[in-house]
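Chain residues, written in single-letter form:
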Amino acid sequence: MTAISDRDQLSYIAAQAADARVNVELETEGMTLNIGPQHPATHGTLRIVAKLDGEQVIAADPVMGYMHRGYEKLTEVRTYPQVTTLINRIDWVGSFANEVPFILAAEKLMEVEAPPRAQWIRTILFEMSRIANISLFLGDMGLQVGAVTPAFFAFRDREHVLNQIEAVTGGRFHPNFDRIGGLKDDLPAGWITETKRAMKKIRSFCDEIEGLLQGNEIFEARTRGIGVIPADIGLGYGLSGANIRASGVDWDTRRDNPCGLVHDELDWKVWTHVDGDSFARFWVRLQEVRESTKMVDQLLDGLPGGPVMAKVPRIIKVPAGEAYVETENPLGVMGYYIVSKGDLVPYRVKIRSASFNNISITPWLLKGVYVPDIVTILGSLYFILGDIDR
Amino acid sequence: MSRLSSTDTPEETTDAAEAALDGPRNELLARLASQLGDGLVESHLVPGDDLWIRVTRESWAEAAGYLNTGLGFQYFNFLSAIDWMPSPFGRDMDSQVDLTLGHDESSEIDASLEHGVAGGETRFQVFARVNDIVNGLGVTVKVDIPDDDLSLVSWTSVYAGANWHERECWEMYGISFDGHPGLRNIYLPSGFEGNPLRKDYPLLARRLKPWPGIVDVEQMPGGDEEESGDDS
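Protein chains in written order, with the numbering used here: chain W, 1063 to 1452; chain L, 648 to 879.
No incorrect hints appear here.
25 Å max Cα-Cα, derived SDA-like pairs, lysine to any residue: (1) W/1246 <-> W/1374; (2) W/1379 <-> L/732; (3) W/1246 <-> W/1136; (4) L/846 <-> W/1128; (5) W/1412 <-> L/837; (6) W/1403 <-> L/735.
Distance windows between CB atoms, simulated: (7) L/798 <-> W/1259: 58 to 66 Å; (8) L/852 <-> W/1429: 38 to 46 Å; (9) L/695 <-> W/1429: 41 to 49 Å; (10) W/1283 <-> L/794: 52 to 60 Å; (11) L/732 <-> W/1131: 22 to 30 Å; (12) W/1210 <-> L/854: 46 to 54 Å; (13) L/685 <-> W/1121: 35 to 43 Å.
Simulated from the structure, these hints should not be mistaken for lab results. Don't be surprised by glycine CBs; every beta carbon is placed ideally from N, CA and C.
Extracted from the complex, chain W is given alone in its bound form (with noise of 0.2 Å):
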């Protein structure tokens, strides 16, 4: 009995022994996929070449520098005013917010402060350009999982704040409108009312986006447990905005390290998720909408009177020194470092923005992934690709 049983046994590991033979002989070699650089899950010209094994993708290498222009060496040549119709154009969504950080270094440099009025409205365009860029994320990250409809409700709603934008700046896109020592303008006439009409509209916006993914099953099942970043790992490779905060990491610069803008005199909450997964960027991100509406309905109420613009010389040189100044834009992290000769140009600008160091966690990120959360994973970690290519 025993005996057969061994002997049984013993042929059961040899048919496995010769079906682990066969499978190495079938087994075939890893397959490269490229994904992009013209891939509607890219937002533009990243392009991914991840090594599969089957479904699973064994090392993903994002390839970036399709759209690299240069900006850090285009700022040396040019006037300080000059520079923020190139910075503009990093973060193509969220504009205006490019600019604060730049204007703030330069204005630390040069030892200005913009009048109150100044500092509140461009608190409320920066919050506006937050809302603008993340309600395209909102809609963008249905699209990710196969849901259209969000999409359309972003576009139309994300509008309701642009037009209030361009209504003061100018401009859609790029509003180039804040200035070394406070903005090149004062806020027209009825736009209070039409901004705070703008912004209930966001808030339904945000309940509709809330109402059609939330608890929907796919969107649960493809963005839940998808593409956990833990804490420390998130921190070393310098994530920021919603992607850190959605690992449990409370840190906001707008709260803890406001410079310039007027964030610490607004009652706010850093909204922060302990998942860390897709999903949880997600969520955070919808929250972080809804906490920006009710920041600019307050700074609305509570704008001060008095001018735009600070003393500043016709000329702007700005005076030998260094200085780093960075804030919460709606990609996460923005800071610029600017080197000053006490010359007319930057000596040298260095540009840290937010999606460069958000993405630089894919190679992390993606191994081990299955193909199609690759979209999802891209989706949520929510990068404009003039911010990582500068």
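Given chain W's structure and the hints, the job is docking chain L onto it.
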């Protein structure tokens, strides 16, 4: 995180005047100085605002390790480099209008190295910034890179995020990083010659077509003389 609040008190009693200005940053600087010893060459502290330190090339990796594990600076912000040799091209391709805007001395180019905060000795400096997000502190670490050996120890083993920043720094400045897992082009096509962010790399667009200048300073109709303030 690992920074204990109990260490605050002895520091403050010994150095009360400076600690009153910026206690946490002074304490941080003192701890860095005692850890790195001679490795810390120079520092620059703006009370209530920011801290810069300059370390020797040998202490570059040690500084990262100590900041990360010893001081709780776990957040990697950015890494880049500065070329302190002024451009040999100056702003000569700017239009005459730009030059008259208070930039008369541009014809002679001062080729001497003039370093920024925390000083420096060499043409190239690498600088990186890390943050302690619990206490809301940031520190910029600088290091001199000698011209005859443009290389530095990679930070990737300490801060994973340094990977791409070092690749960018390598292609833009030609500074190589020892121990980096894959130094290859990140933005530029492979095989690109030159290091574009070096000051002696000409901006070809400007040399082909000079800056129009006048377009940018043209007076708007109506003018804004009164709010322009005092010309300095």
